[in-house]
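Heads up: the protein sequence lines correspond to chains W and L, in order.
Oh and the first sequence: position 63 is 63 in this note's numbering, straight run, nothing missing.
Oh and the second sequence: position 180 is 180 in this note's numbering, straight run, nothing missing.
Honestly, the hints are just simulated from the structure, not real lab data.
What you were told as hints is all true, and nothing was included just to trick you.
Cross-link-like lysine-lysine pairs, in silico, BS3-like; alpha carbons within 27 Å at most:
hint, chain 1, residue 1, chain 2, residue 2
1, W, 206, W, 10
2, L, 60, L, 77
3, L, 60, L, 134
4, W, 180, W, 149
5, L, 108, W, 206
6, W, 10, W, 149
7, W, 94, L, 29
8, L, 108, L, 77
9, L, 29, L, 8
10, W, 180, L, 134
11, W, 180, W, 145
12, L, 108, L, 76
13, W, 94, L, 38
14, W, 10, W, 145
15, L, 8, W, 180
16, W, 206, W, 145
17, L, 134, L, 29
18, W, 149, L, 8
19, W, 94, L, 8
20, L, 134, W, 10
21, L, 8, L, 38
22, L, 134, W, 149
23, L, 76, L, 60
These stretches of chain L come out as covered by chain W in the derived footprint (C-beta under 8 Å, 3 or more residues):
hint, region
24, 2-13
25, 24-35
26, 132-141
27, 144-152
28, 162-168
We treat Cβ as the ideally placed atom computed from N, Cα and C, and that holds for glycine.
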Amino acid sequence: MDGIHDLGGKQGYGPIDRDGEDEIFHEDWEGREWGIAQCARTPGITIDWWRHCRELIMPVDYLVRPYFDSWAQTDFSTYIEAGWMTLEEVAAGKSLNTDIDYGEPPPAMTFEQVLDEDRAHAFRFDTAIDAPPAFEVGRRVHTVKHGHKGHTRLPQYARGHVGTVHAYNGAHVFPDLSAKGTEVHQHCYNVMFEAAELWPEAAGSKDKVYLDLWESYLEEA
Amino acid sequence: MPDFDADKVSEIHQHLHSHLPSEPALRVKALETLLVDKGLVNPQTIDAWIEAYTEEIGPKRGARVVARAWCDPDFKKRLFEDAPAAIDELGYLGKATAHLKVVENTDKVHNLVVCTLCSCYPFSILGIAPAWYKAAAYRSRAVRDPRGVLAEFGVDIGDEVEIRVWDSTAELRYLVLPQRPAGTEDLNEDELAALVTRNSMIGTDRDLSKG
Numbered sequence: 001m002d003g004i005h006d007l008g009g010k011q012g013y014g015p016i017d018r019d020g021e022d023e024i025f026h027e028d029w030e031g032r033e034w035g036i037a038q039c040a041r042t043p044g045i046t047i048d049w050w051r052h053c054r055e056l057i058m059p060v061d062y063l064v065r066p067y068f069d070s071w072a073q074t075d076f077s078t079y080i081e082a083g084w085m086t087l088e089e090v091a092a093g094k095s096l097n098t099d100i101d102y103g104e105p106p107p108a109m110t111f112e113q114v115l116d117e118d119r120a121h122a123f124r125f126d127t128a129i130d131a132p133p134a135f136e137v138g139r140r141v142h143t144v145k146h147g148h149k150g151h152t153r154l155p156q157y158a159r160g161h162v163g164t165v166h167a168y169n170g171a172h173v174f175p176d177l178s179a180k181g182t183e184v185h186q187h188c189y190n191v192m193f194e195a196a197e198l199w200p201e202a203a204g205s206k207d208k209v210y211l212d213l214w215e216s217y218l219e220e221a
Numbered sequence: 001m002p003d004f005d006a007d008k009v010s011e012i013h014q015h016l017h018s019h020l021p022s023e024p025a026l027r028v029k030a031l032e033t034l035l036v037d038k039g040l041v042n043p044q045t046i047d048a049w050i051e052a053y054t055e056e057i058g059p060k061r062g063a064r065v066v067a068r069a070w071c072d073p074d075f076k077k078r079l080f081e082d083a084p085a086a087i088d089e090l091g092y093l094g095k096a097t098a099h100l101k102v103v104e105n106t107d108k109v110h111n112l113v114v115c116t117l118c119s120c121y122p123f124s125i126l127g128i129a130p131a132w133y134k135a136a137a138y139r140s141r142a143v144r145d146p147r148g149v150l151a152e153f154g155v156d157i158g159d160e161v162e163i164r165v166w167d168s169t170a171e172l173r174y175l176v177l178p179q180r181p182a183g184t185e186d187l188n189e190d191e192l193a194a195l196v197t198r199n200s201m202i203g204t205d206r207d208l209s210k211g
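Chain W extracted, bound-state conformation (with noise of 0.2 Å):
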């Protein structure tokens, strides 16, 4: 999706606010929105339609709301599109619901129940697949264009370029459909770009940039 999300290369922004950026969280509600994401999901939730669903979050509200104000209307939004929660029922801010078994309510975890469930969060992503990658290192590649309108991990900045094989990062779940909730496996790549390449001004610079891409993003150079 070509979303107010895809910031890189955008220019316009300013200078960087480093304001408190010692502080953990700069206000309670911060942490209890952290502490909510660890802890809630809605059945069947994928981390990419998760991500595509902050995403659409109106450009206007995207771009002025504060991160993890932007985690919660993200929340919201799952838990309405998958029927768990109403809009009524956020209006009201009270559960009108009933005939929806959400299952025995979680336990309280103590701090050392969270450290270990912290350690359980170390998920991986990728897993061994039949057909054999298509590029090996070294490879130049070509990334292609499109620009379909769901969830998707090739950055606008990087579409339409050539850039060479840095390392086979092995077969990871692919975010375009994963966030449509179908899991797949596919070969995904570091691959390196010259800044030269995709800025304009960066002409003569030996600065580079390296994302990590899946195969389906990537054509023979």
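Please build the complex by placing chain L on the supplied structure of chain W, with the hints as guidance.
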């Protein structure tokens, strides 16, 4: 179960734009209240997650990894071969680090990490990302104007140094291994870890001898 209906979600966002309370604190309170009311979330567990990422999980872990890599060549070798397994030796494997990669600064190379599409970050070794890392200014400029970004952080990169920007577009996460400052041969691992800044592990800090 989600229907994965993006058009429906766009509509929901439009409704939420008009109908959620105006203050972030009230919006999050509304979310928590509803989830607790439905028995989906336990508020004490939320407290414990806040405590975990305030007291235990944070950049001190990353600094420990860096200091050990400086002191122990075998650990450093393992860190480059299989970073998740290496940080697991320290008990730091966790959220968003199962596909961790470590990239090394040298006299000729400086690494900088960004996520232009969202805000991917190696939580279990660096904790909560600083606000600037998740904001539009950094996300838009890091890939296009890394030298300008670094200058704003007070880091001047000479023309002889190549900048490598790592845009976290997949589930891989990147940790920068900064250079060990000169004159620290006598320091032990604890003392070295104290020199390592969070920003140096993202790449917006470079010379750790400045203290």
